[in-house]
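J.: Taking the hints into account, I'd like the entire structure generated from these sequences.
Chains as they are written, first to last, in our numbering: chain W, 1 to 114; chain R, 1 to 110.
Honestly, the hints are just simulated from the structure, not real lab data.
Just so you know, these numbers come straight off a predicted model, no measurement behind them.
If you only want the chain W side, here are some residues facing chain R, beta carbon under 7 Å, derived:
id, residue
1, PRO42
2, LEU43
3, LEU45
4, LEU90
5, ASP100
6, GLY106
7, PRO107
8, GLY108
C-beta: ideal position from N, C-alpha, C; glycine also.
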Amino acid sequence: ETGVTQTPRHLVMGMTNKKSLKCEQHLGHNAMYWYKQSAKKPLELMFVYNFKEQTENNSVPSRFSPECPNSSHLFLHLHTLQPEDSALYLCASSQDRAGDYEQYFGPGTRLTVT
Amino acid sequence: LAKTTQPISMDSYEGQEVNITCSHNNIATNDYITWYQQFPSQGPRFIIQGYKTKVTNEVASLFIPADRKSSTLSLPRVSLSDTAVYYCLVGDRAGNMLTFGGGTRLMVKP
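T.: Laid out in structure tokens, this is it:
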């Protein structure tokens with residue numbers, strides 16, 4: 001138990017569906033992250049939020065839309081996804097948005113797009 | 001952007017010391033090096049972090065040469081439970097351009 005929870009743990013959706021992934025951290029951290037992990041690529045940083053403000057968007061397609069209503073919650077809204085978007089989506093948090101702070105990862109959401 | 005390169009896989013036996021090296025030729029002055037461990041169906045877990053020279057904690061050591069273009073994670077006396085994927089991460093103090101390596105799959109055999 002890392003203090004970072006993600007729901008759902010598994011999600012199957014069609015290409016025309018709209019769904020959301022949820023992440024919650026109970027660590028009092030200020031920074032939160034979304035990563036994508038697929039079989040053929042290393043961990044890819046998607047979005048970074050610090051104090052609820054988005055500070056980084058690594059050229060992620062607009063069919064992925066993040067939302068950070070407060071420092072403890074992070075959402076990833078999904079719509080009109082493609083089969084190649086099937087992957088493990090990991091959420092993480094850290095004390096601050098800095099490369100020398102340890103990141104705490106959630107267990108991930110296994111997404112399958114059919 | 002500090003691109004990182006790691007061996008894809010390594011095998012070892014229980015009780016041996018394992019050294020996993022990560023190359024990061026373009027590392028910048030402000031970049032830190034962090035290593036994570038990941039088990040199946042779990043998110044990565046922090047192991048150790050360093051900036052230069054040597055860092056040691058209760059589970060591992062991290063060796064960083066003077067030019068900082070590589071780093072070596074050292075796991076003393078591995079056990080079967082150390083079978084996992086190990087990632088190195090390079091990132092600057094501002095948290096920009098966090099770049100994970102491709103991961104090294106370590107298999108520890110009896």
